[in-house]
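Throw the hints in and build the complete structure from the sequences for me.
If you read the protein sequences in the order shown, they are chains A and B.
Numbering that gives the first Met the number 0 numbers the first residue of the first sequence as 0 and each following residue consecutively.
Numbering that gives the first Met the number 0 numbers the first residue of the second sequence as 0 and each following residue consecutively.
Just so you know, the hints here were simulated from the structure itself, not pulled from any lab data.
Some clues are possibly wrong.
Said to hold, decoys possible - Here are the computed lysine-lysine pairs in the DSS-like style, where the Cα-Cα straight-line distance is at most 30 Å: (1) B:Lys174 to A:Lys2; (2) A:Lys34 to B:Lys239; (3) B:Lys117 to B:Lys101; (4) A:Lys13 to B:Lys174.
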Amino acid sequence: MRKACLDSVYELAKSDERIFFIGSDLGIGTLKQFKQEMPERFFMEGVSEANVIGMAAGFALEGKIVYANTIATFITRRCFEQVALDLCLHNLKVRLIGNGGGLVYAPLGPTHLAIEDIAIFRALPHMTILAPADANEMRRMMPLTVDHPGPIYIRLAKGGDPIVTNENGPFQIGKAFLMREGTDALIVSCGVMLVRALDAADCLRAKGLNTAVLHMPTVKPLDTTALLDSADRVPVIVSVEEHTTIGGLGSAVAEVLAEANFRKVKRFKRIGIPDAFPDQYGTQDSLMARYSISSEAICRTVAELAGEAESPIGHS
Amino acid sequence: MRTAPTSIKTLPINTTPLDQRSRQLRRQIVKTIKTANRGHLGSAFSLVEILRVLYDDVLKYDASNPRWPGRDRCILSKGHGCLALYALLADKGFFPQGELWKFCKSDGILGGHPEFGKVPGVEASTGSLGHGLSIGIGMALNARYEKSSSRVFVVTSDGESNEGSVWEAALCAGKHKLENLIVLVDYNKQQSYGTTYEVLDLEPLTDKWRAFGFGVREVDGHSMSELLAALRQTPFEPGKPSIIICHTIKGKGVSFVENNLNWHHKTKISDEEEGLLLAELER
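Written out as structure tokens, the structure is:
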């Protein structure tokens, strides 16, 4: 997915002279061709995130479209005020590409995990947040980022993530995609959680629960119409994210559901990382297993909530 | 070991007389601040000649077409000095003088810090310190890419130079050898809590900027002739960005405001105080 993203930046820049690239201190060889062929639009500015964002704002104030890339946690936490003021307040076309969204850098520990990146940026006016599911979706999404108004945060996964979306499928910034229909339950996911959501839906189908899957690659602005349309049809809704349950997709979904005032009571649960700094290393998958972010856990949670929904005793 | 001379640790003295225009701009600032009864008066007074020389004698601009692509860019990175900027922009016709009487009012465009998109002539929203230089670098690199003769001027403060982001930007400007970038530091040696020497010493400041790859000059920041002479010599060194350390006095122009931290930011100005301020500036 990371390769698809950066390859797209290169391809887009070849045909659009407004496109500039600024990296911090990325791995050797990153966007080598871009640098060779368009050196005057390629910048590598060192471990200085605040300056990178300010500089990107300067270019964008002059009408350029800047793709800025570094590790997700540094592009969100380290230069938050530059993002808030230089980019969001000015409403500029700067695209922040965050490597290793979520638990990707598990072996590197909590300084490198981006598990509240979406929460941080969701609070900023004008910011668009994109978390595509795989490289296919990334390729379809990137051309749409060029002329989209205002700043964008693009959350990258590890790379080599399973392909679950269609090569020629539709993509629109701000739109959710119903990947699976169902009337018994709804799983809402973003980013690479889609594959787990789809696996869980298969597992639930085997248990006799027809489960819909709504993929929300645009976390902000959230496609509330699609969410409410899907949520309205089912008694059970579960959100899944590789992110703390505070402030991310699950919170966004909860906010919409809470204000929907459905006539029938719904069961709802957020699956995600608890409010803690992960205390283990290991791998992205092992940390996800630790926090029960797996298709089995989703399947179990949905089934339990569905059982409650059938029972007259509960919170209703 | 090199130590700064004792004298540099004391409050600065500056006896440069202010001419009629400098006093008139300060009177305008006093009247503007009185409409809101709040604002950074001392910070604006220390900045008047720096901005005046830019807008009167140096910058290329068209007040009737503030976004003219061929203009020079000027970013007031010490956004809290905006009262001086507003006085000059109004004077030059970027917006009607009447806007000054709506300073900080809900129906006005002029706030306690300048905002891009609201105030014609303001190139970037500033107020939080340490942002303007990086933005200016992006603009200067863009001018180079476009082969434009436009230059970028960034006005910073001494307190602002406490921010690490200023020094990230300094490294970057030096690396890119931005001859079209000129920084002016309003070095009045006072920040909110006390002198810069007490709060977070910047000395030796010229050596620091030189070490970061800048051509450096020091001037009396209230002397129009010194400021202009320095600006006319930019770039000071080939292949380097330029910085002018402007030695100034916080509150310059009014005896009881000069070097008086009670006037750094005022939230109430009595009619009597306004009268005293204007009386000194009439002389």
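Evaluation of the provided hints:
1. B:Lys174 to A:Lys2: holds (29 Å)
2. A:Lys34 to B:Lys239: Judged against 30 Å, a Cα distance of about 24 Å means the pair holds.
3. B:Lys117 to B:Lys101: With a Cα-Cα distance of about 13 Å, the restraint between Lys117 (chain B) and Lys101 (chain B) holds, given a limit of 30 Å.
4. A:Lys13 to B:Lys174: holds (26 Å)
Checked against the numbered hints above, the structure breaks none of them.
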